[in-house]
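Chains as they are written, first to last, in the UniProt record's numbering: chain C, 1 to 497; chain G, 1 to 497.
In short, the hints are calculated from the structure, not lab data.
Just so it is clear, the structure is predicted and the values come from calculations on it, not from any experiment.
Be a bit skeptical, because a hint or two may be false.
Identical chains share a label here; the pair holds if one copy fits it or two copies do between them.
What the hints assert, rightly or not - List time: in silico DSSO-like cross-link candidates among lysine-lysine, alpha-carbon distance up to 30 Å: (1) K390 to K238; (2) K286 to K4; (3) K118 to K35; (4) K17 to K255; (5) K264 to K382; (6) K277 to K493; (7) K390 to K278.
The lines below spell out each chain.
Number of protein chains: 2
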Amino acid sequence: MLEKMDLTKKMDKETYKERLEELQAQLGELQRECKTLEIPVMIAFEGFDAAGKGSQIAELIQALDPRGFEVHAVKQETENERMYPFLWRFWTKTPENGRIAIYDSSWYRRVLIERFEKLITNEQLGDAYDSICAFERQLSDGGMAIIKIFLCVDQKEQRKRFDKLLESKDTAWRVTKGDLERNEKFAKYLAINEEMLQKTDTDYAPWTLVEATDRRFATIKIYTTVIQILRAKVEAAKRPKPEVPQSTVKQEYDKELQSSILSKADLSKSLTEEEYKKNLKVLQKKIKKLHGEMYLKRIPLVLGFEGWDAGGKGGAIKRLTQKMDPRGYVVHPTASPNDIERKHHYLWRFWEAMPKNGHATIFDRTWYGRVMVERIEGFCTKEEWQRAYKEINDMENDLVNAGAVVIKFWLQIDKDEQERRFEERKMNPEKQWKITDEDWRNREKWDQYEEAVDEMLIRTSTPKSPWVVVEGNDKYYARIKVLQTVVDALEAKLKES
Amino acid sequence: MLEKMDLTKKMDKETYKERLEELQAQLGELQRECKTLEIPVMIAFEGFDAAGKGSQIAELIQALDPRGFEVHAVKQETENERMYPFLWRFWTKTPENGRIAIYDSSWYRRVLIERFEKLITNEQLGDAYDSICAFERQLSDGGMAIIKIFLCVDQKEQRKRFDKLLESKDTAWRVTKGDLERNEKFAKYLAINEEMLQKTDTDYAPWTLVEATDRRFATIKIYTTVIQILRAKVEAAKRPKPEVPQSTVKQEYDKELQSSILSKADLSKSLTEEEYKKNLKVLQKKIKKLHGEMYLKRIPLVLGFEGWDAGGKGGAIKRLTQKMDPRGYVVHPTASPNDIERKHHYLWRFWEAMPKNGHATIFDRTWYGRVMVERIEGFCTKEEWQRAYKEINDMENDLVNAGAVVIKFWLQIDKDEQERRFEERKMNPEKQWKITDEDWRNREKWDQYEEAVDEMLIRTSTPKSPWVVVEGNDKYYARIKVLQTVVDALEAKLKES
Numbered sequence: 001m002l003e004k005m006d007l008t009k010k011m012d013k014e015t016y017k018e019r020l021e022e023l024q025a026q027l028g029e030l031q032r033e034c035k036t037l038e039i040p041v042m043i044a045f046e047g048f049d050a051a052g053k054g055s056q057i058a059e060l061i062q063a064l065d066p067r068g069f070e071v072h073a074v075k076q077e078t079e080n081e082r083m084y085p086f087l088w089r090f091w092t093k094t095p096e097n098g099r100i101a102i103y104d105s106s107w108y109r110r111v112l113i114e115r116f117e118k119l120i121t122n123e124q125l126g127d128a129y130d131s132i133c134a135f136e137r138q139l140s141d142g143g144m145a146i147i148k149i150f151l152c153v154d155q156k157e158q159r160k161r162f163d164k165l166l167e168s169k170d171t172a173w174r175v176t177k178g179d180l181e182r183n184e185k186f187a188k189y190l191a192i193n194e195e196m197l198q199k200t201d202t203d204y205a206p207w208t209l210v211e212a213t214d215r216r217f218a219t220i221k222i223y224t225t226v227i228q229i230l231r232a233k234v235e236a237a238k239r240p241k242p243e244v245p246q247s248t249v250k251q252e253y254d255k256e257l258q259s260s261i262l263s264k265a266d267l268s269k270s271l272t273e274e275e276y277k278k279n280l281k282v283l284q285k286k287i288k289k290l291h292g293e294m295y296l297k298r299i300p301l302v303l304g305f306e307g308w309d310a311g312g313k314g315g316a317i318k319r320l321t322q323k324m325d326p327r328g329y330v331v332h333p334t335a336s337p338n339d340i341e342r343k344h345h346y347l348w349r350f351w352e353a354m355p356k357n358g359h360a361t362i363f364d365r366t367w368y369g370r371v372m373v374e375r376i377e378g379f380c381t382k383e384e385w386q387r388a389y390k391e392i393n394d395m396e397n398d399l400v401n402a403g404a405v406v407i408k409f410w411l412q413i414d415k416d417e418q419e420r421r422f423e424e425r426k427m428n429p430e431k432q433w434k435i436t437d438e439d440w441r442n443r444e445k446w447d448q449y450e451e452a453v454d455e456m457l458i459r460t461s462t463p464k465s466p467w468v469v470v471e472g473n474d475k476y477y478a479r480i481k482v483l484q485t486v487v488d489a490l491e492a493k494l495k496e497s
Numbered sequence: 001m002l003e004k005m006d007l008t009k010k011m012d013k014e015t016y017k018e019r020l021e022e023l024q025a026q027l028g029e030l031q032r033e034c035k036t037l038e039i040p041v042m043i044a045f046e047g048f049d050a051a052g053k054g055s056q057i058a059e060l061i062q063a064l065d066p067r068g069f070e071v072h073a074v075k076q077e078t079e080n081e082r083m084y085p086f087l088w089r090f091w092t093k094t095p096e097n098g099r100i101a102i103y104d105s106s107w108y109r110r111v112l113i114e115r116f117e118k119l120i121t122n123e124q125l126g127d128a129y130d131s132i133c134a135f136e137r138q139l140s141d142g143g144m145a146i147i148k149i150f151l152c153v154d155q156k157e158q159r160k161r162f163d164k165l166l167e168s169k170d171t172a173w174r175v176t177k178g179d180l181e182r183n184e185k186f187a188k189y190l191a192i193n194e195e196m197l198q199k200t201d202t203d204y205a206p207w208t209l210v211e212a213t214d215r216r217f218a219t220i221k222i223y224t225t226v227i228q229i230l231r232a233k234v235e236a237a238k239r240p241k242p243e244v245p246q247s248t249v250k251q252e253y254d255k256e257l258q259s260s261i262l263s264k265a266d267l268s269k270s271l272t273e274e275e276y277k278k279n280l281k282v283l284q285k286k287i288k289k290l291h292g293e294m295y296l297k298r299i300p301l302v303l304g305f306e307g308w309d310a311g312g313k314g315g316a317i318k319r320l321t322q323k324m325d326p327r328g329y330v331v332h333p334t335a336s337p338n339d340i341e342r343k344h345h346y347l348w349r350f351w352e353a354m355p356k357n358g359h360a361t362i363f364d365r366t367w368y369g370r371v372m373v374e375r376i377e378g379f380c381t382k383e384e385w386q387r388a389y390k391e392i393n394d395m396e397n398d399l400v401n402a403g404a405v406v407i408k409f410w411l412q413i414d415k416d417e418q419e420r421r422f423e424e425r426k427m428n429p430e431k432q433w434k435i436t437d438e439d440w441r442n443r444e445k446w447d448q449y450e451e452a453v454d455e456m457l458i459r460t461s462t463p464k465s466p467w468v469v470v471e472g473n474d475k476y477y478a479r480i481k482v483l484q485t486v487v488d489a490l491e492a493k494l495k496e497s
């Protein structure tokens, strides 16, 4: 794509001024419309060093209401950021609905500069492309306007600009050793950029190549691009949405034909109090030790707990963490999303909470709400929850690729056991707070949940981030199974690393 | 996904009979609806050996009108098929609109058995997943119903079935050495299948896992799946289509801001007759020799010619092929698609024509019609031609990955030169047939074509399958440039191989 660019393009000052004024007015208006329509916008600036990313961003924001955007300068990862999957720092910086985020170099850094400097392996490179495409696709599917600008100059022009900067002490510091190296090996760096453009020029997030030799020309082209894309998004948002997209395939079985996992669980499994106490002591000791080793080896741990109401999640989490060093783990209770969370992609709040290397996050309820409560209560469309299986697999895959241990527990009890526990809670003044009308209402939808859970377990249990169904009618048995599973997984991971 | 399957599922004979009758009636009706609505359908059967793919297909087709479907038994590639990209044999077997194609094992063979038997490298494996997803996505976007069935049995059940087959001479031949090996290393083969399921369980072509221990249960589940998906497709086809999907981003620039490649071409370039003749002789000789070497090294060559009407495509192709061995190349003239071609994906007819290893296909007009004439005349939707850039890049990428040399020529002349040539043709009785009213009409759309061509050149010129703009006002210069480019590319490829 790059070799064909005509980098001699220019614009005279007069035309520039006249057009800019008009475009600025349009962009200002569109920003307001995006805000009203709650359209989030990401604008990524990439391109060759000294092509003018910084000054073009400065030009672009002239037209924007400063309360509605933010600019992120993306540098080398900080030590803290390096302790997360590489996309984490971008997930956490996605704008909320109605806001604009501008990135001065972006998530593409990974496959450009880091690749050029051989900071990633070939295998990581393939994963990185997959992750980037999944990231953009998920956001785009969720309504994000994604604008990707690539600024082009040629080797000679770049060298000229470096030389000019190097002339004065005030600006010389801006030219780094890396910049000069990439200028010298321009052809090689160009090939890396070319590959990147090809692999990520998708219909949902296409690249716009901008001839940047002449700054005025580039500014007008960037304004025009941003305006075009936002206008299309605004128009689309105003149109009624199609019920079901042509390409989404629906599958629904009656109960008999469903692939059932829950019904297979043997709920008669149990332990005596004595067995329980003995095992608990041994396992808690092991977990404490393993948790320390995970910390030393910088391995992150992600545990998700789901299950029927009163299934015993809280009790299991309590036993699991009892002997763990509290500086090394966080229990993250997941409630309905709050105002701010609702303005983001549904996975955003979970990305925020992911553990850094060496730490553990234990989620009491998880991102699987998307394919359970949100599916059943109609909080998202059918298309959205059907898409979510892959989105969730992609996210967990990113975590595993970054070195994490990921396990999801489903605490299974039967309907009678749930009723018994509900009644018990109602009677017990200390536990009354635990039981609400909503719990009873959810109980009425038992069959719907069962269907959703079975589908979820099948579609999202993978060897690297498995679902573990915990037979939970007997609390002793359930807790020991959870602890034993964690011990086994950590031991296996430590052995392999 | 596999580990969670409950393989004990069963169905009694009575229920089975009753339901099957009802389902067969429904499926027959849906087949007729798909035919009327021109929906093409692909049903892929995968799963463990002896899980019953063959007999389930036999059950399924009971309900179908035999004039409307065909079954493809996918075995190891033939020697002939091995001379094409691995998806070629599936591209050429995609059903036309309104027809059903059933695959007894499918394009997944590549990443399952061939992987297990180490017939492909890790790098090829990554490419294969990309190609498979692109293949399914393109077909799905084009309106194909894609149904993917995976039949599960466990190691023990599989062994039991093999043993039963081995008991009798009449059936023992059906159990291959490979079958037994995969049974022994079941865990390893399962892991390969698991990865495949995860990587390709997409919203546009999801997998359905079918518990196949009990044949009756499996049959009913397969019928139900096929019916569900076809019914959803039929319903979707009846709904009005949304104009522009939410996720597609539009970009339109006025002429000044367009990335222009054509305007950069220096059309004053020329050669004297003497220079031309001298060069032609040398280059034709070289091409003859290189063509022979390509044949020996089994390297396929794909050349595409596009350009303005009267741009000189025919003359260039003539000079190029004059000394080539006619058994080793085909010139493929591309006209408007015929009846049968129109019933397929727009890329289908080009896949059919691709050269096998060692051969050359020279396309006089190409698949780029999608983003030129079809775009401008409104023969496809905006969404469709915008999607086509990536689809075309993916296709050419598959060719290059399979070892081919791919070059695309754009023969550029200016508007005056075109007029001169049109007038000349009009005056010359021998050339009159070459000029039609349509040529004059197309000429009126010069500016629209220029915009489309510029965008095409930028979005689809890649280092591995580049566009070469040929300055064509002087025919001598143009022909020599074409020949020289081919010589250089072949020499480079032979050097590298």
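These are the hints, each one checked on the structure:
1. For the identical chains of this complex, K390 and K238 are neighbours both inside a copy (28 Å) and across copies (28 Å), given an alpha-carbon limit of 30 Å.
2. Proximity of K286 and K4 under a CA criterion of 30 Å is satisfied inter-copy only: 28 Å between copies versus 62 Å inside one chain copy.
3. Neither within a single protomer nor between protomers do K118 and K35 lie at most 30 Å apart by alpha-carbon distance, with minima of 41 Å and 54 Å respectively.
4. In the homo-oligomer, the alpha carbons of K17 and K255 lie at most 30 Å apart only across protomers (18 Å), although the nearest pairing inside one protomer, at 67 Å, exceeds that limit.
5. In this homomeric assembly, K264 and K382 come within 30 Å of each other (Cα to Cα) only inside a single copy, at 27 Å, whereas the closest approach across copies is 50 Å.
6. Taking identical chains as interchangeable, the C-alpha atoms of K277 and K493 lie at most 30 Å apart only when both belong to the same chain, with a minimum of 26 Å there against 71 Å between chains.
7. Taking the shortest alpha-carbon separations for K390 and K278, neither the intra-copy value of 41 Å nor the inter-copy value of 61 Å comes in at or below 30 Å.
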